[in-house]
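**Q** One letter stands for each residue in the lines below.
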Amino acid sequence: MSKATLDRGVQILKEHIDAPTAAYFSSCVNCGMCADACLFYTETGDPAYTPINKLEPMRRLWEQEYTLVGRIKKLVGLSKPVTDEELGEWSDLVYHACSMCGRCSMVCPVGNDISYMIRNIREGISAAGYAPEGLVGATTRAVEIGSPMGITMHALNTQARNIKESSGLEIPFDREGVDYLVLLSSMEVINFPEYLEAIARIFKQAGKSWTISSEAFEATNSGIQIGASDIARELVSRVVEAAEKLKVETVVSPECGHAYTAIRWDGPNLMGRRFSFKVKHIIEVLDELREQRLLKVEGIEDSCMTFHDPCQLVRKGGVIEQPRNLLKMVATNFVEMDDSGVMNWCCGAGGGVSAIEEAEEIRLKAFNRKKSQLDKLQVDTLVTACANCRIQLEEGLEVNEMDIPVVGLTEMLADHLVEDK
Amino acid sequence: MNSAEFLLWVRGPGLNIALVIFTIGMLIRLLEIFMLGRKQNLAELRANGVSAGLRTIFTRSTPADKNSMRRSMFTFVAGYGFHIGLFVVIFLLTPHIQLIQSLLGFGWPALPTPVVDLFTVIALISLMALLWRRLTHPVVRYLSTPQDYLVWAATFLPLLTGYMSYHHLWFPYSWLLGVHILSVEFLLILFPFTKLTHAFTLFISRWYTGMMAGEKGVAS
Amino acid sequence: MSNNKPLGQALREQGVSRRGFLKFCATTASLMALPPSMVPAIAKALESARRPSVIWLSFQECTGCTESLTRSHAPTLEGLIFDNISLDYHHTLQAASGDAAEAAREAAMEENKGNYLLVVDGSIPLGNPGYSTIAGISNLEMLKEVAEHAAAIIAVGTCAAYGGLPHANPNPTGAVSVEEIIKDKPIVNVPGCPPIPVVITGVLAHFLTFGKLPELDHLGRPLAFYGNNIHDRCYRRPFYDKGLFANTFDDEGARKGWCLFKLGCKGPVTYNACATIKWNDGTSFPIEAGHGCLGCSEPNFWDMGGFYNALSESTMNLSRTAAVGIAVGAAAGTASGLLNRRKKSKAEAAHETVSVKDLQREDKS
Chain A
88 MSKATLDRGV QILKEHIDAP TAAYFSSCVN CGMCADACLF YTETGDPAYT PINKLEPMRR
148 LWEQEYTLVG RIKKLVGLSK PVTDEELGEW SDLVYHACSM CGRCSMVCPV GNDISYMIRN
208 IREGISAAGY APEGLVGATT RAVEIGSPMG ITMHALNTQA RNIKESSGLE IPFDREGVDY
268 LVLLSSMEVI NFPEYLEAIA RIFKQAGKSW TISSEAFEAT NSGIQIGASD IARELVSRVV
328 EAAEKLKVET VVSPECGHAY TAIRWDGPNL MGRRFSFKVK HIIEVLDELR EQRLLKVEGI
388 EDSCMTFHDP CQLVRKGGVI EQPRNLLKMV ATNFVEMDDS GVMNWCCGAG GGVSAIEEAE
448 EIRLKAFNRK KSQLDKLQVD TLVTACANCR IQLEEGLEVN EMDIPVVGLT EMLADHLVED
508 K
Chain B
10 MNSAEFLLWV RGPGLNIALV IFTIGMLIRL LEIFMLGRKQ NLAELRANGV SAGLRTIFTR
70 STPADKNSMR RSMFTFVAGY GFHIGLFVVI FLLTPHIQLI QSLLGFGWPA LPTPVVDLFT
130 VIALISLMAL LWRRLTHPVV RYLSTPQDYL VWAATFLPLL TGYMSYHHLW FPYSWLLGVH
190 ILSVEFLLIL FPFTKLTHAF TLFISRWYTG MMAGEKGVAS
Chain C
781 MSNNKPLGQA LREQGVSRRG FLKFCATTAS LMALPPSMVP AIAKALESAR RPSVIWLSFQ
841 ECTGCTESLT RSHAPTLEGL IFDNISLDYH HTLQAASGDA AEAAREAAME ENKGNYLLVV
901 DGSIPLGNPG YSTIAGISNL EMLKEVAEHA AAIIAVGTCA AYGGLPHANP NPTGAVSVEE
961 IIKDKPIVNV PGCPPIPVVI TGVLAHFLTF GKLPELDHLG RPLAFYGNNI HDRCYRRPFY
1021 DKGLFANTFD DEGARKGWCL FKLGCKGPVT YNACATIKWN DGTSFPIEAG HGCLGCSEPN
1081 FWDMGGFYNA LSESTMNLSR TAAVGIAVGA AAGTASGLLN RRKKSKAEAA HETVSVKDLQ
1141 REDKS
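Residue numbers (the numbering used here), protein chains in the order written: chain A, 88 to 508; chain B, 10 to 229; chain C, 781 to 1145.
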């Protein structure tokens, strides 16, 4: 029986209001500059999508519960309590129209980290039972089946067999004491099987030992997206337990943005302890191999390329220069798009938006921002390092009848690997 | 009550009442913020968050990048005009410095009054522009609450009455000066209970945001 | 002192030339911001004016106002005009004393009923009638009695105009100004501690010329003399605007004659003619002598904070107030912060693990 109620949502919001949140709400002067940084506003013109507005119920709760004046106002009935209807209404704003890309947090003149608060308000809204069905479904599958898309070990085994048959490369499972524990996103397993093969080839060439855990191969974390820390913790703990059991040195997050955030940054905090292993994004690992001259490539892409910065990897993950270093190994004609790097625009599908069916319209509208960036550049190839971005980019380009192939950076590098003799 | 009695009240009891409400209110607000606390970040850090936090306190005073600035040009220009004007008026006019000196025990050199006068005009015009934007721009109008207008008026009045006092506009100077001081007292009293607190808390906000981003290796 | 010669004749008998007299009229006209075309009218009116009867009442005062008028400098036209009014009662100046003095007052009141001018210096104590009496009559009683049939009242000096020094905090005698007692007569306030002599004669000249009192400001002062503040007319004003100040009375700024604002000059809120007419026959005025204006022509000037504290400083101890605020604020803030923490801990303690089954409402799932 579901325990979701308004009270529960409010209770959980109260847990998540901390000093930064109080400072942020105390600082906002309603200047509206965050709207200019948000693609859901710029591409729709709907003022309700102004980032700070997406936090209104939480702001009032903070005021009513954690400020003296607010408590007095509440006592004499001068403030409007947070209601069920309101949380339901705000669900659309915080899930459909926010990819937690964090651009607003970069431009806010008073320095408010708005996306940090969106992450927290999602905790309350989901606990109150107002998370979108699509995300609830994905989360349920992640917990119950092991992957938000319902992928099982069976599918992965099949893929491993296929790779072995086609290339002779062994996909190692459950090996102890290896260098890398490789995680995958189900998106990759289904849509981009090339990734796994690419990894196998690169690590083989670099002479690194690696493995996949049959108990925890899934890197994505729907708990992070829906904003349910308890569930996120459970999902992360599977990876942590596997990594500790196999005594690996490093856990490698796949080409997926939020998976990286979930394990690298949120993981230890969800588990309440530091990890005995390191967590790296595959792009970080590859760049290290490049530095150690263990990544040998040949051949040059002469088509004009640009890089789409996945928000969780770059702006919110701090992996900024690495993808560029790697790209330049194989591309001479690499150009940066406007606002590239930490200020790049989101693809429009992050933060769980891609899992919400009802958000399809707004998600494709949001893509127009990327479209105009690309229109300006006129590139032949679009490279990125996040499977979720990649799906959205491919869909957006197709809808807009733009003929630009989207390539994963890891696969592109694998294509240029010097063949072992 | 004549102008002298009024002036006497605003310079004495009025100012002291306002100051005591302001200090108590502001300390409550700040302690409420800090005492809510935050969880320690257990993730392996890429860089020291402290220096990043300190850095962001300063860097957020300038636009994040050129394109962001272009997109929010109006707010930037009017916002800068207003804040710089206000800063100059508050902190670089002799009588104000003298007041601060009597409170803190130290002062600093002032700007010539015609220069301060110019900055007052800049601040007044910028504030009017910002009000116009608040009333007309879809986003800002959507976000605005009655408090925003109250706070606007509370900020505008001291500037306006100060300007009127300096130029002896329309009313006897002694009354104007009294009203000017009273309007500042009104501002001080409103301060801890409205978003005027941002003048203090924005440094805390920038600090936390800068630190959290810095720990991930991102300069925010 | 019953002399009914017109003023012009009386002046000429005192050796004042026609030319000198006209010059006085012109000066008065310009001081009072009247057009030059008014000079002949003033001259004509003064020439033929009968010496008006003046009753001068001194209450809680220091005689400084009288001293200022009578002894400021060697015979001047102001002095002479003053001498040539029919000063029927002034207990400092009159020869008579005791019953004779009071009899003179009563006679003058009877003789000029409804036409005499009443000049008052000093404040009136309301605390206890015994605080200040003349011939056994309390100040309040005498003021009411004399004011009843006066044509107009001139409150000379800040004590009569606004209560002045006796009114200063804590005002032990309950001193008040003339206008706080008399509500039904035209009153001109000529404040100053003391007021500038020519201002009194100017008001008299105006009254004699036009038969009414001059235009007044919001504090009942003749606009002609009190229309500008000292600060705006001060020769040191350019230093204020440039930000050049004397910080002590013996520093470089003081020697160079820079602005005295920081040394407590109250010029910005003081309306008087000192900076233009000056004192002692136009010799100097306090600021020129190197001391800030005390603001003596303004109400409550004794209570405007220290004479040597800048105008913008509080009249109270702000640092102490701030210290109290910090102490109380720290305590209240900590208390509120602790309440918040308790509330948050409670919420955390009451936390029930969210499972995937709890993500949707019962009715929906």
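These are computed hints drawn from the structure, not numbers from a lab. Quick reminder that beta carbons are idealized off the backbone N, C-alpha and C, glycines included. It is possible that part of the hints are untrue.
To be verified - A few chain C residues that don't get close to chain A, going by computed Cβ distances all over 10 Å:
#, residue
1, Thr872
2, Glu959
3, Ala1127
Said to hold, decoys possible - Here are some, though not all, of the chain C residues that point toward chain B, as calculated from beta-carbon distances under 10 Å:
#, residue
4, Ala821
5, Asp997
6, Met1096
7, Ala1115
**Q** Looking back at the hints listed earlier, which ones does the structure fail to meet?
**A** 3 and 4
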